[in-house]
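Sequences and hints are given; from them, build the entire structure.
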Amino acid sequence: MITYAVFFFFAAIAVIFALVVILHRNPVVGALSLVASFFALAVMYVLLEAPFLAALQVIVYAGAIMVLFLFVIMLLNLQRQPEEPTRPIQQFLGYVGSSAFGIGLVYYLSKYAVMELPSGPFLADARAIGVKLFEVYIFPFEAVSILLLAAIVGALVLSGRGVQTS
Amino acid sequence: MAGIDKVDVALSILKIAIVVGALLNVTPIMVWVERRGSALIQDRVGPNRVGPFGLFQSLADAAKFFLKEDIVPAGANKWLYSLAPMFGLIPALTTIAVVPWGRPFRLPSGRLFEPIVADLNVGILLIFALASLSVYGIVTAGWASNNKFSLFGGIRSSAQMISYELALTLSAISVLMAAGSLRLTDVVWKQTGYFVLFDKIKLPAWNVFSPSMWLAFIVFSVAAFAETNRLPFDFAEAEAELVAGYHTEYSSMKFALFFMSEYIAMATISALITTLFLGGWDIPWVNEPATFWGFLASAIVFTIKVSVLMFIFVWVRWTIPRLKYDILMRMGWKVFLPLAFVNILLVAWFIAERWI
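These protein sequences, in sequence, are chains W and P.
No gaps in the numbering here: position 46 of the first sequence is 46 in my numbering, and each next residue is one more.
No gaps in the numbering here: position 331 of the second sequence is 331 in my numbering, and each next residue is one more.
Keep in mind the hints are simulated off the structure, nothing from the lab.
Computed, partial: chain W to chain P, Cβ under 7 Å:
id, residue
1, Val28
2, Phe52
3, Ala55
4, Val67
5, Leu70
6, Phe71
7, Met74
8, Ala126
From the structure, some residues in chain W lie toward chain P, with a derived Cβ separation under 8 Å:
id, residue
9, Leu32
10, Val35
11, Pro51
12, Val58
13, Ile59
14, Ala62
15, Gly63
16, Ala64
17, Leu68
18, Leu75
19, Asp125
Each residue gets a CB set at the ideal place from its N, CA and C atoms; glycine is no exception.
Below is the structure:
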């Protein structure tokens with residue numbers, strides 16, 4: 001019972017703040033709302049008995065990535081964005097496309113999504129995840145790390161272009 | 001949620017009351033220690049008029065904060081301006097929940113009393129999660145004030161905290177590797193006992209005395225200063241350059257909340273250093289009995305360790321001048337981060353050789 005109360009409370013928070021992210025004109029408010037939304041999402045992981053994932057969700061997304069976003073927004077001093085003029089056809093396509101995507105998503109989720117937890121002990125602690133990551137999923141894990149390394153090197157090359165090193 | 005009865009709920013409320021009560025009292029005491037300590041270091045007298053040794057000065061200050069006018073600048077973002085002090089305070093207050101502060105003992109009814117609010121199996125990760133959120137208080141305050149000095153403070157603070165969070169987390173990882181658990185009670189239990197040197201000298205088995213982890217202790221402690229925005233790393237405030245940094249525009253209780261979160265964060269990180277490296281509640285050379293008195297003695301020893309660390313925070317603040325910003329960043333990325341990695345390799349080697 002209390003689980004449902006907690007779920008609906010934080011689900012409401014997640015959805016409301018996600019809406020604020022896309023509807024609010026101020027980028028800083030948007031970034032902070034996204035943090036709140038991520039935090040509410042972490043509560044979902046706790047309810048699913050995966051506190052490890054919940055902690056990682058907060059550390060990586062709310063704690064690290066969004067701080068960087070906020071840093072960049074503040075450094076560039078982005079202010080209230082003026083609404084850009086849009087053509088009617090753009091608005092029409094936007095509304096139709098996004099509602100079609102939304103309806104499709106709800107349809108497929110209601111049809112194929114797993115609605116109950118797998119039976120038996122559900123292990124999502126650090127050890128279980130580590131073993132899975134380094135045994136079963138070792139190839140995707142390494143592939144992602146190479147991808148990230150390439151991204152770092154690319155960012156360094158791009159930002160260093162045109163700078164005279166002394 | 002099976003197996004929770006009224007006694008458990010009552011015990012939890014008691015533990016929360018103890019911890020929050022202790023943390024809220026940290027601020028007035030530490031303000032007094034800071035002012036008298038700085039006076040001692042600078043060969044002054046310091047506040048000594050209100051009460052014995054000026055001990056009630058903090059109460060007078062608190063009353064003053066309540067009576068001050070609460071000003072919101074005209075150009076500020078009102079919502080975020082008011083929320084920012086709370087963003088700072090909440091992570092500082094909640095982090096302590098997973099830190100054990102005494103030896104567990106059995107109540108007369110046979111129930112085990114664990115002196116920790118929430119013994120999670122991801123305890124240390126929760127601490128890092130909440131610590132990584134503590135930056136939002138300062139950043140939001142800096143931005144919402146609509147003041148260029150505040151904004152600079154906020155930007156500097158976010159860059160600094162991201163940089164030092166890496167060193168902080170990585171140096172803690174070596175401790176967790178040695179303990180084989182993310183649960184902080186396990187980390188403390190691992191540190192009860194002795195190292196025996198030359199068959200004669202018995203050292204407490206604290207991680208700071210371990211040949212594989214003293215390096216992590218140094219990195220963690222330095223990063224702790226950066227994470228709490230204390231001198232020599234207080235670039236968010238930097239009163240010589242930025243007026244008062246992120247809280248330039250704040251007054252009254254909102255300013256007091258920033259003050260509180262600074263000292264509470266200091267207490268939390270001291271408790272964390274104690275737990276990870278200084279044996280937590282372990283009393284050196286004593287085998288604590290699993291009774292109420294054993295619990296009380298260990299809780300007092302824990303408090304003493306935390307108090308000593310907090311005094312060191314004050315001591316360092318009034319002794320070491322503020323670094324230059326580029327030196328801060330260079331040190332974070334080029335000295336402390338590699339040192340933390342080296343320490344992880346060292347611990348991994350020790351584990352592979354089965355020395356720990």
